[in-house]
Amino acid sequence: MTAAHRSGRDLPLTVRARQSAIRVLRAARKVRGHRPPGPGTPPRVRAGWVGAPRDFVGIGAQKAGTSWWSALIGEHPDVHRPGDQPKELHFFDEYWERPFTEADVERYARYFPRPPGGSAGEWTPGYMVDFWTPQLLRRAAPEARILVLLRDPLERYRSGMAHTDEMDRRSLGRQDAVGSFGRGLYAQQLRRVFAAFPREQVLILQYERCRIDPEGELSRTFRFLGLREVSLDPSRFQRPVNPTTARKVELRPELRAALTAAYAPDLAQLIALVPELDLDLWPTARAGT
Amino acid sequence: MSAPDFVGVGTARSGTTWWDELIHAHPDVYRASGVAKEVHFFDRYWDGSWTDAGIARYHASFARPAGGLAGEWTPGYMVDFWVPPLLRRAAPEARILVLLRDPIERFRSGLTLTENRLTLSWTPRAAANGGFQRGCYADQLERLWQAFPPEQVLVLQYERCVRDPRAELRRTFAFLGLDPAPADALTAPEHRVNATSVRKATLSEAQRAALTRAFAPEVERLGGLVPEFDMSLWGEYEP
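Top to bottom, those sequences are chains L and X. Under the working numbering, the first residue of the first sequence carries the number 1, and numbering increases by one thereafter. Under the working numbering, the first residue of the second sequence carries the number 1, and numbering increases by one thereafter.
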């Protein structure tokens with residue numbers, strides 16, 4: 001929508017009337033789509049600490065266990081995050097509508113103060129889906145190590161619908177199904193990521209493998225982030241149950257079949273892009289080929 | 001009552017109403033009164049509630065005299081991942097029509113009030129992602145071709161239809177098994193702009209650049225899937 005549209009200048013009366021009706025309806029209806037608060041003001045940098053472009057940024061995927069994995073990374077003694085700062089900064093969410101300037105680049109760098117030698121990062125799973133974000137992230141954090149955690153797309157879809165289910169079950173419909181499906185098109189998303197970042201700067205993990213061997217996959221993650229080897233208390237590896245996923249939505253067999261068929265072409269692209277993925281861990285990939 | 005002879009499945013904001021009207025100007029193509037261009041029959045089955053009992057109800061929209069053809073064109077079918085396999089079950093022999101337009105222009109056109117009507121409760125971010133997803137044609141075609149063999153699908157380029165409507169209409173008629181001659185007899189096949197899109201939305205330079213980069217791999221894949229497409233007709237993309 002253009003500035004002229006928003007201000008209502010130079011528009012015929014009927015168009016203005018419809019726009020104001022839309023504004024009223026937007027305000028009256030619950031706004032769909034997760035809209036977290038912005039990141040707020042960057043924290044103050046303590047004396048002797050550095051505020052530098054972050055060392056790592058997790059960019060995906062939604063409903064794939066990223067809160068769990070981000071918390072495990074945070075267990076490393078050299079990883080720092082201000083106590084009140086959320087795992088997800090959502091820094092780039094609004095930049096579809098706003099120009100991204102050098103001041104924004106500088107502001108992004110100020111979010112993760114840490115002592116010299118320390119490491120800091122964030123993990124906003126929507127970054128991989130938002131088509132404008134990989135290029136902006138490249139400008140804002142060109143050296144950052146990029147983390148992606150993927151999960152069987154059908155399980156991701158089911159979990160995503162359960163999440164929506166909590167918020168507003170009755171208004172679920174075709175648009176939600178299309179949107180949730182699109183968030184599982186990993187190859188399409190990774191093509192945009194690899195256009196912005198060199199392949200070796202991106203670590204792609206599989207949720208199912210992390211569940212089977214959390215210790216091994218966490219070591220791999222630490223090595224990729226340039227962190228020293230540490231061993232965590234095995235009790236830390238328990239994945240806390242996310243309350244939004246606690247209530248499982250079962251998909252009808254007809255829908256499971258449709259999703260399995262519909263994800264097959266993207267999964268074929270995905271294995272070509274990321275040959276080290278073990279698609280045997282994903283029932284949807286096994287059934288679709 | 002039987003299955004439709006043709007079904008247009010894509011894509012929104014790409015001239016499908018215009019092309020559907022031209023097809024229906026052919027003397028052998030029929031549309032029963034009360035039946036819309038867009039039947040939207042499969043929209044509601046996103047939750048897997050389809051049963052084959054729906055087939056007869058779908059067929060009820062396509063009454064026509066013997067020897068005549070009937071069909072519909074719902075541009076969302078190609079985006080809705082559950083539709084191609086259901087359509088195959090409901091109309092296995094139907095000829096499938098796809099009309100594609102420069103994805104950036106399609107995105108821009110979708111920003112007008114028409115698409116807002118569908119996405120009234122969306123944040124700008126959700127609307128942008130939705131509009132982008134609708135322009136990822138290669139993904140959609142790959143899914144469509146899983147349900148229908150490529151030779152049963154005609155993929156037209158909107159910009160080529162605008163440049164030479166009679167030639168592309170002849171191609172369309174021939175694909176549908178119709179006599180192509182009426183295409184030459186049409187008096188005014190030029191595209192009349194849909195009234196709802198008169199008020200054009202615009203993209204900022206940064207938005208256009210972001211879309212160009214993000215669509216680039218998708219347009220390249222589409223060029224591989226449909227080699228006869230002339231990508232020089234899509235502003236930002238050269239083959």
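Hints are not guaranteed to be accurate.
Said to hold, decoys possible - Pair ranges (Cβ atoms, derived): (1) X/S49 x L/P82: 43 to 51 Å; (2) L/P77 x X/D230: 39 to 47 Å; (3) L/R286 x X/H40: 27 to 35 Å; (4) L/P82 x X/R208: 17 to 25 Å; (5) X/A206 x L/R220: 48 to 56 Å; (6) L/E94 x X/G48: 41 to 49 Å; (7) X/H40 x L/E94: 32 to 40 Å; (8) X/R208 x L/R286: 39 to 47 Å; (9) X/A36 x L/E94: 53 to 61 Å; (10) X/S232 x L/A71: 44 to 52 Å; (11) L/D278 x X/W145: 53 to 61 Å.
Think of the hints as simulated: they come from the structure by calculation, not from any bench. Quick caveat, the model's predicted, so the values are computed rather than measured. We put the beta carbon where it would ideally sit given N, CA and C, even for glycine.
Okay, the hints, checked on the actual structure:
1. Judged by the Cβ atoms, the range 43 to 51 Å given for X/S49 and L/P82 holds: they are separated by roughly 48 Å.
2. Between L/P77 and X/D230 the Cβ separation comes to about 59 Å, which falls outside the hinted range of 39 to 47 Å.
3. Between L/R286 and X/H40 the C-beta distance comes to about 34 Å, which sits within the given range of 27 to 35 Å.
4. As the Cβ distance of L/P82 to X/R208 is approximately 37 Å, the hint placing it in 17 to 25 Å is violated.
5. Restraint check, X/A206 to L/R220: a C-beta distance of roughly 37 Å breaks the suggested window 48 to 56 Å.
6. One distance hint, 41 to 49 Å for the beta-carbon pair L/E94 and X/G48, is violated here, with the actual separation near 35 Å.
7. For the pair X/H40 and L/E94, the beta carbons lie near 33 Å from each other, so the given range of 32 to 40 Å is met.
8. Range check, X/R208 to L/R286: about 41 Å between beta-carbon atoms, so the 39 to 47 Å window is met.
9. The beta-carbon spacing between X/A36 and L/E94, approximately 38 Å, falls outside the hinted interval of 53 to 61 Å.
10. Range check, X/S232 to L/A71: about 51 Å between beta-carbon atoms, so the 44 to 52 Å window is met.
11. Here the CB-CB span from L/D278 to X/W145 is close to 27 Å, at odds with the stated 53 to 61 Å.
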